[in-house]
Amino acid sequence: MLFNEDNIVLEVDSLYDRIFVTEDIHYQTKRPLLYIMNNSSGIQSGMFADKDDDLVFEYTRFYRLGDHFNPNIENALMIGGCGYSYPKDFLKSHPGKKMDVVEIDEAMTKIAEQYFHLDTNHPDLNIYHEDGRTFLNRNNKKYDAIYIDAFNSATAIPYQLTTQESMKKKYDSLNEEGVMIMNIIASINGPKSKFLQAEYKTVSSIFPQTYVFPLHIENEKTVQNIVMIGIKSDKKPSFNNPDPELNRFLSMLYKKEISTNIAILTDDFAPVEYYLNN
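If you count by this note's numbering, then the sequence shown holds residues 1 to 278, one letter each, in order.
None of these hints come from the bench; they were simulated from the model.
Heads up, the beta-carbon is just placed ideally off N, CA and C, and yes, glycines get one too.
Hints should not be assumed to be uniformly reliable.
In the BS3-like style, the derived pairs of lysine-lysine whose C-alpha atoms are separated by at most 27 Å in a straight line are [as the list claims (entries may be wrong)]:
1. Lys142 with Lys201
2. Lys168 with Lys194
3. Lys255 with Lys221
4. Lys235 with Lys192
5. Lys110 with Lys168
6. Lys110 with Lys92
7. Lys255 with Lys236
8. Lys97 with Lys169
9. Lys141 with Lys236
10. Lys235 with Lys221
11. Lys30 with Lys97
12. Lys110 with Lys98
13. Lys141 with Lys168
14. Lys142 with Lys92
15. Lys168 with Lys255
16. Lys192 with Lys236
17. Lys92 with Lys30
18. Lys235 with Lys141
19. Lys221 with Lys192
20. Lys236 with Lys168
21. Lys194 with Lys141
22. Lys169 with Lys221
23. Lys235 with Lys97
24. Lys30 with Lys98
25. Lys256 with Lys221
26. Lys142 with Lys235
27. Lys92 with Lys141
28. Lys142 with Lys169
29. Lys169 with Lys236
Label-pair restraints from in silico Cβ distances [to be verified]:
30. Ser14 with Ser251: 17 to 27 Å
31. Asp119 with Glu74: 37 to 47 Å
32. Asp268 with Asp50: 33 to 43 Å
33. Phe239 with Tyr115: 30 to 40 Å
34. Gln114 with Ser251: 14 to 24 Å
35. Thr222 with Arg248: 13 to 23 Å
36. Pro191 with Asn240: 29 to 39 Å
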């Protein structure tokens, strides 16, 4: 996108970063957009400005797979709020169901409320302004689905959310049929695939089932959004769904073997940014 003074709607400094709200045009639909951007991570969230009726980014739609792998979601947790695009989508499509959102930067929430149609008084939404790992460490609530979309740079998830100890906290926070859906950025193969391999091995060390859905499966060396799903149950799921969108996402399951000749990520060893940048 073009980023200059002409399309900046808002520019503020928070405790964590400089945050921008910018205007743009969607490259496919030509619909007007609003983005949240920051200095450290680039584009963080987006919304169609003419009508907030769908998710802008393809990877966020993959969170809807939570309903395929666990059709009975009553309580959900999302770590990483930013523009609250998926929490809004969840609350719209799950009337009466509950979502807790952990967003470390209170300024992000205020911007989402002012510019991105977030209703902070929604009766089914609870917002916690703290580090996601801190929240998990003290959590004793059980969720049916946990969604992860948190970054501290353009590509790197905060290391404390990637480790085996963190995965155990997520596992323990899920009900028996629960599902974890996590957005990561890496390549499937090649020199930029080490983080995927390490995270896959780490998730698999805790969850009985781990599945990977790359957005651009046709080019495995492309650095891209990859959706990783951990299922708490050992009951094998179906990979067909009558909903055309969900069925399309399910068809993107990566079926080749993922190398695990790499160390599990732990609180004592998690070179997340090194794997992504070297």
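Going through the hints against the structure:
Between the alpha carbons of Lys142 and Lys201 the distance comes to roughly 24 Å, so the proposed pair stays at or under 27 Å and holds. Proposed proximity of Lys168 and Lys194 is supported: the alpha carbons are some 21 Å apart, at most 27 Å. The straight-line distance between the Cα atoms of Lys255 and Lys221 is roughly 16 Å, inside the 27 Å bound, and the hint therefore holds. Pair hint Lys235 plus Lys192 does not hold up; C-alpha atoms about 32 Å apart against a cutoff of 27 Å.
For the hint pairing Lys110 with Lys168, the CA-to-CA distance comes to about 31 Å; that exceeds 27 Å, so the pair is violated. Taking the CA atoms of Lys110 and Lys92, the gap is about 20 Å. The hint holds against a cut of 27 Å. A hinted pair counts as satisfied when its Cα atoms are at most 27 Å apart, and Lys255 with Lys236 qualifies at roughly 15 Å. For a cut-off of 27 Å, the pair hint linking Lys97 to Lys169 stands: about 23 Å separates their Cα positions.
Using a Cα cut-off of 27 Å, the hinted pair Lys141 and Lys236 holds, with the two alpha carbons roughly 25 Å apart. Among the hinted pairs, Lys235 with Lys221 is inconsistent with the structure: their alpha-carbon atoms are about 32 Å apart, more than 27 Å. Between Lys30 and Lys97 the CA atoms are separated by roughly 33 Å; this puts the pair beyond 27 Å, and the hint is violated. Between Lys110 and Lys98 the CA atoms are separated by roughly 21 Å; this keeps the pair inside 27 Å, and the hint holds.
Distance restraint check for Lys141 and Lys168: the Cα-Cα separation of roughly 14 Å lies within the 27 Å cut-off, and the hinted pair is therefore satisfied. Between Lys142 and Lys92, the direct Cα distance comes to roughly 22 Å. Compliance with the 27 Å bound is thereby established for this hinted pair. For the hint pairing Lys168 with Lys255, the CA-to-CA distance comes to about 25 Å; that is within 27 Å, so the pair holds. Only pairs whose Cα atoms come within 27 Å are accepted, and Lys192 paired with Lys236 is rejected, the gap being roughly 30 Å.
In summary, the hint linking Lys92 to Lys30 is supported, as the alpha carbons are separated by about 24 Å, within the 27 Å threshold. For a cut-off of 27 Å, the pair hint linking Lys235 to Lys141 stands: about 23 Å separates their Cα positions. Distance check on the hinted pair: Lys221 and Lys192 sit about 7 Å apart at the alpha-carbon level, within 27 Å; holds. With a CA separation close to 21 Å, the supplied pair Lys236 and Lys168 stays within the 27 Å bound.
Of the supplied pair hints, the one linking Lys194 and Lys141 is violated, its CA atoms being roughly 33 Å apart against a limit of 27 Å. The hinted pair formed by Lys169 and Lys221 fails the criterion: a straight-line CA distance of about 31 Å is larger than 27 Å. This hinted pair checks out: Lys235 and Lys97 have alpha carbons roughly 25 Å apart, not beyond 27 Å. Distance hint between Lys30 and Lys98 is unfulfilled; the C-alpha atoms sit about 34 Å from each other, more than 27 Å.
Of the pairs offered as hints, the one joining Lys256 and Lys221 holds, with about 14 Å between alpha carbons and a cut-off of 27 Å not exceeded. A threshold of 27 Å between alpha carbons decides the hint, and for Lys142 with Lys235 the separation of about 19 Å falls inside it, so the pair holds. In summary, the hint linking Lys92 to Lys141 is supported, as the alpha carbons are separated by about 23 Å, within the 27 Å threshold. A distance of roughly 11 Å separates the Cα atoms of Lys142 and Lys169; the hinted pair therefore holds under the 27 Å criterion.
The suggested pairing of Lys169 with Lys236 holds, with an alpha-carbon distance near 23 Å, which does not exceed 27 Å. A beta carbon spacing of about 40 Å between Ser14 and Ser251 contradicts the range 17 to 27 Å that was offered as a hint. Our hint of 37 to 47 Å for Asp119 and Glu74 is violated, since their Cβ atoms are close to 20 Å apart. Evaluation of the 33 to 43 Å hint for Asp268 and Asp50 yields a failure: the beta carbon distance comes to about 49 Å.
The given range of 30 to 40 Å is respected by Phe239 and Tyr115, whose C-beta atoms sit roughly 38 Å from each other. Evaluation of the 14 to 24 Å hint for Gln114 and Ser251 yields a failure: the beta carbon distance comes to about 39 Å. Thr222 and Arg248 have their C-beta atoms about 19 Å apart, which keeps the hinted 13 to 23 Å range intact. A C-beta distance of roughly 35 Å is found between Pro191 and Asn240, which places it inside the suggested range of 29 to 39 Å.
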